[in-house]
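So the chains spell out like this:
Number of protein chains: 2
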Amino acid sequence: MLASQEDITRIYLTAVETELQKAVKQANISGDTKLHDMLAYHMGWLGKPINSEARGKRIRPLLVLLSCSTAGGDWMQALPAAVAVELVHNFSLLHDDIEDKSHLRRGRPTVWKKWGIPQAINAGDAMFILAHLQLLQLSEKLTHSVTLQALEILQRACLQLTQGQYLDLSYEKRNDVTIDDYWTLIDSKTAALISASTELGALSAFCDAQVCDAYRNFGRSLGLAFQVQDDFLGIWGNAALTGKSNQSDLITKKKTLPILFGLSNSVIFTERWNQGPIVAGELDEIINLLETTGAKSFTQAKANDLISQALRELDGVHLNETAYQVLKSLALNLIHRQL
Amino acid sequence: MLASQEDITRIYLTAVETELQKAVKQANISGDTKLHDMLAYHMGWLGKPINSEARGKRIRPLLVLLSCSTAGGDWMQALPAAVAVELVHNFSLLHDDIEDKSHLRRGRPTVWKKWGIPQAINAGDAMFILAHLQLLQLSEKLTHSVTLQALEILQRACLQLTQGQYLDLSYEKRNDVTIDDYWTLIDSKTAALISASTELGALSAFCDAQVCDAYRNFGRSLGLAFQVQDDFLGIWGNAALTGKSNQSDLITKKKTLPILFGLSNSVIFTERWNQGPIVAGELDEIINLLETTGAKSFTQAKANDLISQALRELDGVHLNETAYQVLKSLALNLIHRQL
Chain Z
0 MLASQEDITR
10 IYLTAVETEL
20 QKAVKQANIS
30 GDTKLHDMLA
40 YHMGWLGKPI
50 NSEARGKRIR
60 PLLVLLSCST
70 AGGDWMQALP
80 AAVAVELVHN
90 FSLLHDDIED
100 KSHLRRGRPT
110 VWKKWGIPQA
120 INAGDAMFIL
130 AHLQLLQLSE
140 KLTHSVTLQA
150 LEILQRACLQ
160 LTQGQYLDLS
170 YEKRNDVTID
180 DYWTLIDSKT
190 AALISASTEL
200 GALSAFCDAQ
210 VCDAYRNFGR
220 SLGLAFQVQD
230 DFLGIWGNAA
240 LTGKSNQSDL
250 ITKKKTLPIL
260 FGLSNSVIFT
270 ERWNQGPIVA
280 GELDEIINLL
290 ETTGAKSFTQ
300 AKANDLISQA
310 LRELDGVHLN
320 ETAYQVLKSL
330 ALNLIHRQL
Chain B
0 MLASQEDITR
10 IYLTAVETEL
20 QKAVKQANIS
30 GDTKLHDMLA
40 YHMGWLGKPI
50 NSEARGKRIR
60 PLLVLLSCST
70 AGGDWMQALP
80 AAVAVELVHN
90 FSLLHDDIED
100 KSHLRRGRPT
110 VWKKWGIPQA
120 INAGDAMFIL
130 AHLQLLQLSE
140 KLTHSVTLQA
150 LEILQRACLQ
160 LTQGQYLDLS
170 YEKRNDVTID
180 DYWTLIDSKT
190 AALISASTEL
200 GALSAFCDAQ
210 VCDAYRNFGR
220 SLGLAFQVQD
230 DFLGIWGNAA
240 LTGKSNQSDL
250 ITKKKTLPIL
260 FGLSNSVIFT
270 ERWNQGPIVA
280 GELDEIINLL
290 ETTGAKSFTQ
300 AKANDLISQA
310 LRELDGVHLN
320 ETAYQVLKSL
330 ALNLIHRQL
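Protein sequences, first through last, are from chains Z and B.
For the first sequence, the positions run 0 to 338 when numbering that gives the first Met the number 0 is used.
For the second sequence, the positions run 0 to 338 when numbering that gives the first Met the number 0 is used.
Heads up, some of the hints might be wrong.
Straight-line alpha carbon distances no greater than 30 Å define the calculated DSS-like cross-link-like pairs of lysine-lysine that follow [to be verified]:
1) Z:K113 x B:K172
2) B:K301 x Z:K100
3) B:K253 x B:K112
4) Z:K252 x Z:K327
5) Z:K33 x B:K47
Keep in mind the hints are simulated off the structure, nothing from the lab.
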């Protein structure tokens, strides 16, 4: 009997979690488990509360495995790549939380808040190295040549991540950030790792360069859509559900897509933005003001366009229909999510 | 005509510097050079003063290339590995400087002092990724299988680096650190990358596992000796020459080998140590007290023993005598250095 769509997600997630735990165990030092424990806490396996929210959604590894299956491959071959991208993602969260001074991650205190900045920087470094060690395990299932290609794909995505993070930090101090700057930023900060995930899936299925490119492009548009939706939720989402912070992007003055849209289309919104800090009491009024600029519908339409564009990339390159349906649902859920 | 010993060092260092600059250029973002510039500043190519001190001694890449030549290989084949280990070393310095709150590195303000902690964490991450991208270039000159082995060697060394850094940070808060703990620490924090360097050199010369092990062991003892000598200089060296700090390890209360020796062999030294901060005015007196415990001669003897042990590892596995003589001089200079 073929696995149902629900079965596929459950089976993949279980395998990912088991392999993630094995990978992180390598951080253990003889007689001292604390470096490991910091990583395990961040991954949501230690500390309180332990629940699915604390672990995160594991979207990237699911994308690797579903891309591999959809492209006609054996998902087990892509497992080291799936684990590696999730570890890279979590490495970047560990460091971003310090850089952005975030106190909460997935509803719990961040690692730097619990153990201090020095240990948290180092824990991030360890997580990053474990990701690369994990990816080397591809060579047990794939050819050496494909393994080296996979390493290059992941490294290039990581370089883009740091370039994106550099831009993000520098935009905070700039008053002239444009919507074009925004797309440059999220292309590297968010879309790079997601496009690497879907490309690694196809590569693990031994697809040729053209098909790998299609999966890469699928991931890129999906990643952009994901960030646009995140920006949407940063103003119109339920903050309690995201677990990141209880502050609207309007209060933290983050230069997200709807805000940049408002700034480039409304003199009134721009004047208010430039006046100084926005406090919780005036939030409803400023959200209304932003909505009159068309920012809300623009942001929603962008996310929808990007998802449609992403799915078009896969026309003709899905060999396993069941896996494709799961992948498609995942993509659509990303922009319909409430958190 | 064969290259002289001086020629060899000069030729290798020039090639390393050129390739390092090429590698770091990849951090450039279209229209924005600042991420690159932070890395180039740290590497000693930008900012003031620009001199050989600002660049550091490039010991690790020299060890890679000299190990390759000594083992009978073509040093050009090992160049990507040489560049990669230097980038890894500099990544660890960028993060260690934040974690240790160091204001000076090689006589100049540290990156985090100039650009702030968030950008400095991210610059370190970028340096680290460039190291791994660089190592992938080995596949242009070596087999895929050897390239994958090299990646594994470097990743394992990096994991040890982070484990060592975790221990170093945790020892700061402990009062029961023993000399055994010290060896565990420096084995991972200092010796791991140096032993990876010499092993990568031999591997790039296509040596078999036994010879690679000999070079690895050579590097390990050399790395331990290097750290012991660093500890010696932290008390008896000329602080102005090291460019790191103008404070004795006695003032910063770093748990180095001579200090741990003093603590485990002298009640008087231990009592003074436990009394509280040591100020500059009483330094000469406390150094004298430490010397009466035998800490100075113990530390010197340890460094000498370790260098002899290191060189013994290479008995019978040096095929290129000129390169071997340069490698041997480098090893001996490491423990006779004044800075």
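Could you grab the alpha-carbon distance between B:K301 and Z:K100 and see if it respects the 30 Å cut-off? Given pair B:K301, Z:K100 is violated - Cα atoms ~44 Å apart, limit 30 Å.
Between the alpha carbons of B:K253 and B:K112, is the straight-line distance 30 Å or under? 22 Å, holds
For the pair supplied as a hint, Z:K252 and Z:K327, confirm whether the alpha-carbon distance does not exceed 30 Å. It is violated: about 34 Å lies between the C-alpha atoms, which goes past 30 Å.
Taken at face value, is the distance from the CA of B:K47 to the CA of Z:K33 at most 30 Å? With a Cα-Cα distance of about 40 Å, the restraint between Z:K33 and B:K47 is violated, given a limit of 30 Å.
Please verify whether Z:K113 and B:K172 have alpha carbons no more than 30 Å apart. Satisfied, since the Cα-Cα distance of roughly 16 Å is no more than 30 Å.
In summary, the structure is inconsistent with hints 2, 4, 5 from the numbered list given earlier, while agreeing with the others.
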